[in-house]
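Here's the letter readout for the chains.
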Amino acid sequence: MNAYEEIVLGTTICAAGILVLFLLLVLRRYLEEHTRMRRDERDAAITRSYLQRVAGHRVDLADGWEREARLSAISRILPLLRGGEKTRLLQIAELDGVLDETVRKSRSIYRTERINAIHFLQRFGSEACIARLREIMARDRDPKVRLEAAFALASNGALPPPRETLRLLKGMHRKPTRLDIALLRATAPLYPEQMVMLLEDDLDVAWRSQIIDALGWSADMSIIDVLGRSAADPEPEIRSAALRASARLGHPVAARWVLAALQDPVTSVRLQAIAASRQLEIRDAVPELLRLCGDSQLWVRLRAEQALEHLAPESLEAPVLEARA
Amino acid sequence: MADILIADDDPILVEILRFRLEGAGHCVTVARDGEEALERVRDDQPDLVVLDSMMPVIAGPEVLAELKSDPELRHIPVVMLTARAGEADIIAGLKGGAAEYLTKPFIPQELLVRISGLIGAAV
Amino acid sequence: MNLTDVVNALAGGIVWIAFTCFVIVALRNAIALLQLFVAAWVFVTRVRPGEGARDLWHRYSDLALPVSVIAPAYNEELSIVQSVKALLALEYPQHEVIVVNDGSKDDTLGELLRAFEMHEIRRTQIAELQQTRIRKTYGSRRYPNLLVIDKENGRKADAANAGIGFARTPLVCVIDADSIIEPDGLLRAAEPFMYDDDRLVAVGGAIRIANGCTVRGGSLQKIGIPKGMVARFQIVEYLRAFLMNRVANAHTNTLMLISGAFGLFRRSTLVEMGGYRHDTVGEDLELIVRMHRFMRERKRDYRISFVPDVVCWTEAPVSLDGLDNQRARWQQGALETLQRHRGMIGNPRYGRIGLLAMPQIVLEDILGPPAELVGYLVLPAAALLGLIDPLMAIAFFFVSVVFGCALSVGTLVLEEQQLKRTPRASDLLRIGAAAILENFGYRQVNLWYRLKGIGRFRRRDTSWAAVPRVGFNG
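Chains as they are written, first to last, in the working numbering: chain A, 6 to 330; chain B, 1112 to 1234; chain C, 10 to 483.
It should be emphasised that the hints constitute simulated quantities derived from the structure, not laboratory data. Treat the hints loosely; a few may be bogus.
Derived contacts from chain B toward chain C, CB cut-off under 10 Å, selection only [said to hold, decoys possible]:
no.: 1; residue: G1136
no.: 2; residue: E1173
no.: 3; residue: G1197
no.: 4; residue: D1200
Covered stretches of chain A (chain C as the covering partner; in silico rule of three or more C-beta atoms under 8 Å from a C-beta of chain C) [said to hold, decoys possible]:
no.: 5; segment: 12 to 26
no.: 6; segment: 112 to 122
no.: 7; segment: 179 to 186
Each residue gets a CB set at the ideal place from its N, CA and C atoms; glycine is no exception.
Looking at chain A on its own, in the form it has when it is part of the complex:
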């Protein structure tokens, strides 16, 4: 056999293989379409039996569906319901052992399977699920899977104390991403004191400023002094974060350092201060904002103008146009 024969043969085998695979997928789709009716009936029947049990009726369990069928029905009910009825329904389903399969999959050797299991645990959100998610977040060998578990816990309002989250995030050896910031923010209202304590650790500026930012979402007014101190930090990134957090927290005393920051030598801090004046509706900032409309930096001028449009539209007419001309 010469090389050309080999090429012809190889191509044919490759093409035939792919074609067979494709036809199998078409067949799968065809079967899905044709068994949908039966599957729908089955899932509807399972749903009915659960609803009856939630309502307190005794249901004959003899016709016992397989766990997989129950799981399929439950995963279709989950996105439809909320409130107490959902919680009760999930409790009953949990007693049936519907979750066992998912918990087993959350230990799979395949990362994608583990992550899919996490998504299901998150939607289910029962106590057992939270416990398993915390275990994954603390112990899974893959940091991406642990991060996914953290997201799942955050959306259930069940993150562990911040030190653990921070250790996970810092272990990834990269600059903080926006989702990391979101995780810290989700932790803040749960453990405000522990967040403040974290600031005493030896942290680099990037992470420290994110923790300060997150404090703004704690809804805990007692941390306002921490923000006030941070607003005078030598690092501009930390000053910016303190301004962002103050604006979010909405404590009126913050006006003091926001006004001072409008004169900050660093552009990004001035921009942050402008945003904070706007969010906190600090009318005393108007004269300073008008001055900033003539700032050397284009972005500062633009944002000051936008803030004035919001805070004092009447002040905008003459001086700004002159400053621009």
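Since chain A is already given, all that's left is putting chains B and C on it; use the hints.
Same frame as chain A, but now just chains B and C:
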């Protein structure tokens, strides 16, 4: 009590609604797509319609528009129950004449209370 | 030199041509096969952003970088209002729509001003990237996140540049005015920025063909399959380009094209680069090639990413008549870009872009099409004359056509396994048939159009023939 039409293509949702509504003593009919929903409304003249927005053949908002433009059917209250939770969708639904706009996931008890309020008002 | 020598030399030449064509075509397909494997690997190991992450994102929506959607419009009076309404309704925490009326000859501007109650406003342009004059800018009290810019007629690149210059947001999304964006397309495309540590500069997304789908009010209501074969062939082509090619290239960090129909960019990078170039018919390819060059010459750490989710739908030409112009233009654009950046080809200074990605474009766009067409003629002829092993001619047919079928069907496998955006099993089978038929005739015709593009490039043809488009009846 009242005749209620559920127009939704998700059999699970239909099952949940049917269970709660029949439990409350209402009489439930089901339409699986927008076209069937319009037919059923014209034939049966139900007291209330629970309408999904993403349905085959004719989408929910168009069914709503059709119902509200028909003088014979305009009085039938329509409750939109949909996964579309965007501000624009909600506003469009209510402006289009929906009596209530609930988004999935929903609280069954809430739906029930709203429906009995509407039926009380309509009858 | 006697006759025998001439004949021998001629025969030697033919054999040499035959071998060269064979090698080029085989190499091209081998690369495609490799890409198919890489794409399959990416899909199998892909971690889809879960609800947990999305939930966080929605809760802290100020973390989502604000986006300006830039829609250049030229003579779109019939559809512009619907399109803009759809853009304003896109699902995204903070987005602004900037419509650039590129000196339309019809009443595009009037339609906009009336429908959105717009009045003239003053707005500072942050960077002047366009070459034509801005006439006026308009805003609306009712739609505070809409800005309309009226400018003198230029090209799409010029209009997009004008819009980019007015954007104040960290991200800009450049689209075609007639692109139908998925309601969550912007959200999906911006997702990589949530996981980003400040290196990401651009994101592309998968684009599909809207022919055969039901479109109402500027948004897609129902996915369908077009009746005409030409459109179906293009569905297969788009799947191959977006699911196989782009996914694989993005994985190896060598994505070289983000389609002009939808691209999300970091505004500051675009402004620094001076935006799109005005003097090429392939400005979208040129932009990304130049972006690689720009970042690498400045030794910056950067990333260009791609989301395989469908972000946008676009109309494709329904007949060969419109197609020939489109393909010739693409070809011409690719050649112009290669010529302008020829210094990057094979240049180790540009890392994998210079050593891998650029030579691949050369193979794909300069050597590939003529080699395959010539091969179809020369190999059978050489076999008939007894100059080469007849099996070689048969092998050539297998390598080009049969292998082409395998690749196209392979992409469909990926699609069905991962995205499942084909409505029914029967539609899937129809597309499957198109994937095979495509290799008998359509593929060859396409190669011919590309040769025409090469011709245009050599003549420095700058006329920019418009592609006739099918209208949607709403």
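To see whether the hints hold, each was checked on the structure:
no.	hint	in the structure
1	G1136	violated, 37 Å
2	E1173	holds, 9 Å
3	G1197	holds, 6 Å
4	D1200	holds, 9 Å
5	12 to 26	holds (count 9)
6	112 to 122	holds (count 3)
7	179 to 186	holds (count 7)
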